[in-house]
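Student: Chain by chain, the residues:
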Amino acid sequence: MTPDEWTAIALSLRIAFVAVVVSLPFGIAMAYILARGQFPGKSLLNGLVHLPLVLPPVVTGYVLLLAFGRRGVFGAALADLGIVLSFRWTGAALACAVMGFPLMVRAIRLSFESIDRSMEAAASSLGASPLWTFILVSLPLALPGILAGVILSFARALGEFGATITFVSNIPGETQTIAAAIYSDTQAPDGDAAALRLTLVSIVISLGAVMASDLVQRGIEKRLAANG
Amino acid sequence: MIDADLHRRLPTFELDVAFRNGEGVTALFGRSGSGKSMTIGLIAGLAKPDRGHVRVGGVTLFDSRLHVDLAPHKRRIGLVFQDAHLFPHLSVRRNLLFGRWFAPRAERTVTMDAVVETLGIGHLLTRRPAGLSGGERQRVAIGRALLACPRLLLFDEPFAALDRQRKMEVLPLIERLRDEFRIPMVYVSHSLEEVVRLAGYVVVLEAGKVAAAGDPSTVFAQAEYQADDRRFGRASVLSAVVGEEDVGYGLTALHHPAGTLWLAGPAGHRGGTARIVIQATDVALAIGNPGQTSVRSSLSGTVSGIETDGALAAVDIALTGGGTLTALATRRAVDDLEIKPGSAVLALIKTVALDEGMVHPD
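As they're listed, the protein sequences go chains Z and A. Take any residue in the first sequence, note its place counting from 1, add 1, and you have its number in my numbering. Take any residue in the second sequence, note its place counting from 1, add 2, and you have its number in my numbering.
Bound-form chain Z, shown alone (with noise of 0.2 Å):
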């Protein structure tokens, strides 16, 4: 293997970890609004967290590009603080999070659905806040949920590549990532090995990541079964 693959490897464990954990408390937090609010526009939001997963993802890069970019919305006012995003790496893990974000919620939201809502009123007849109980009981319990839709976005990180080239492009060592790798090897005369390495690289990675996540669900529910 080359250095640059091993870069494109690591890079893109990096972005994809940094996604994950960046859109974590924010995935959490949509999948409890939509699984326990009742509000107006509840279906707007749903749909609106959903988008990425049906737009074509180069049609969600390029609207990246649009907020994010240099002279975007945000991407001007981020500029100013000194956070640029645009053909960076960071910019990777935003649109790979965007594309994760509806996995994740999902697989979330379908946890705290399924929580028994009379342990909610259990520890709250015990005097627990509204927060504590969230953070005592709801969230513990939702934990294979979280996992899954941890695993999800993880391998939807790994795997993301329209959003991300069209957002952030295809720089060695700064956003190719192993699947921007892997096209760049396929679009090159002599790059067929290179590309079979990289895409083996990628089923094991994937394939582990899957693997773990089963053995560690596996063990969760085990410790929950039976509910008390």
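Calculated from the structure, these hints are not laboratory results. For each residue, glycine too, the CB sits at the ideal point set by N, CA and C. One should not assume that every hint holds.
Ranges between beta-carbon positions, derived for each pair [claimed, not checked]:
#, chain 1, residue 1, chain 2, residue 2, range
1, Z, 44, A, 59, 39 to 49 Å
2, A, 50, Z, 56, 39 to 49 Å
3, Z, 57, A, 53, 39 to 49 Å
4, A, 214, Z, 37, 52 to 62 Å
5, A, 53, Z, 84, 54 to 64 Å
6, A, 181, Z, 37, 57 to 67 Å
7, Z, 118, A, 165, 22 to 32 Å
8, A, 109, Z, 131, 16 to 26 Å
9, A, 93, Z, 204, 55 to 65 Å
10, A, 50, Z, 48, 30 to 40 Å
For the chain A half of the interface with chain Z, some residues (derived, Cβ under 10 Å), not all of them [unchecked claim]:
#, residue
11, 77
12, 79
13, 92
14, 151
15, 152
16, 212
17, 213
Given the structure of chain Z, go ahead and fit chain A onto it with the hints provided.
Tutor: Here is chain A on its own, set in the frame of chain Z:
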């Protein structure tokens, strides 16, 4: 001390319930759909009454006129449901201590040791709820509610899911809680047996209204609200003093001013008061000396009323020394014996019918 006055109107149901009671256990008794669980929910703050008030131990938890409406977690009312709702991700110990955090330091009067000892759950502390039996879960749930040092404990049919034997194990614990921890309790049940055993005050609900309220012996003597419920049939509740045991035959005497009843098996400590349920179908009537019969328990009294329904007649007997007993007989037997209001009768109660399994049918 609990003082509740609750009104709530739903599209298909209207609740209009008021009661107050001092120390001890207040039972809410009635069929499913009578509004028991709704009453509990309104007291606990899970739903909001249209108007009324809830006061516990001098603290106003809700008052529509004063615009007081404490959030459920600020009411400090312990709930024990039919399902224990233990937190599956926490050990039994951490379940028990969950509410302790949130109780003000000065009010943490209930200690872990006392609860663990009273409920007999010391061996379960390191386990997880998933591995517990139904009875164990209920005991932990009760302990958890107690350790939050609540102003009031609400039990909503806590043992409906337990089989009879488990129930027999847990009921005495509630009696101990009542006597040891001195926390007022409201106990919802449709089991006559549980109500009779535990409650000092019973509120009978029917279609969202209070049909009767008072001392269980008095309330259940007026058996009319049970008449169309095959679950209990007609039954009477009497108080009697536990007397001597006939160890050889395994019998215990229960003394009532109107006579002595023989119970198969033990009935608590001697000199104490036992409340017993007697099914109307287990009572036969005699005028004068019945002669040779196998029945060894009899109570004397005067007929206070007769209600006929087809071939059957329910005869209410005002017992010597207080209490009312209902006997079920055929209308012909009543006519043959010329039983009329005012007749002096002897109520024969089959001894076998008084063993515990049949005294308190579920």
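Student: That 57 to 67 Å hint for residue 181(A) and residue 37(Z) (C-beta), does it hold up?
Tutor: Once the Cβ atoms are compared, 41 Å apart, the range 57 to 67 Å for residue 37(Z) and residue 181(A) is violated.
Student: Given the range 54 to 64 Å, decide if the beta-carbon distance of residue 53(A) to residue 84(Z) lies inside it.
Tutor: holds (56 Å)
Student: Does 52 to 62 Å hold as the CB distance between residue 214(A) and residue 37(Z), or does it fail?
Tutor: Violated, at about 41 Å.
Student: Is 39 to 49 Å respected by the C-beta to C-beta distance linking residue 44(Z) and residue 59(A)?
Tutor: Since the Cβ atoms of residue 44(Z) and residue 59(A) sit about 46 Å apart, the hinted range of 39 to 49 Å holds.
Student: Can residue 212(A) be said to touch chain Z, with a Cβ gap under 10 Å?
Tutor: Residue 212(A) check fails; min Cβ-Cβ to chain Z is 25 Å, beyond 10 Å.
Student: Interface hint check: residue 92(A), Cβ to nearest Cβ on chain Z, cutoff 10 Å. Holds or violated?
Tutor: holds (8 Å)
Student: Holds or violated: is the Cβ of residue 152(A) closer than 10 Å to a Cβ in chain Z?
Tutor: holds (8 Å)
Student: Can you tell me whether the CB distance of residue 118(Z) to residue 165(A) sits inside 22 to 32 Å?
Tutor: Taking Cβ atoms as reference, residue 118(Z) and residue 165(A) lie about 27 Å apart, which means the hint holds.
Student: Does the beta carbon distance between residue 50(A) and residue 48(Z) stay inside 30 to 40 Å, or does it fall outside?
Tutor: The hint (30 to 40 Å, Cβ to Cβ) holds, given that residue 50(A) and residue 48(Z) are roughly 33 Å apart.
Student: Does the nearest C-beta of chain Z fall within a distance shorter than 10 Å of the C-beta of residue 213(A)?
Tutor: violated (28 Å)
Student: Check the following: the C-beta atoms of residue 57(Z) and residue 53(A) are separated by a distance inside 39 to 49 Å.
Tutor: violated (57 Å)
Student: For residue 93(A) and residue 204(Z), compare the CB-CB distance with the range 55 to 65 Å and indicate the outcome.
Tutor: violated (41 Å)
Checked against the numbered hints given earlier, this structure breaks hints 3, 4, 6, 9, 16 and 17; the rest are met.
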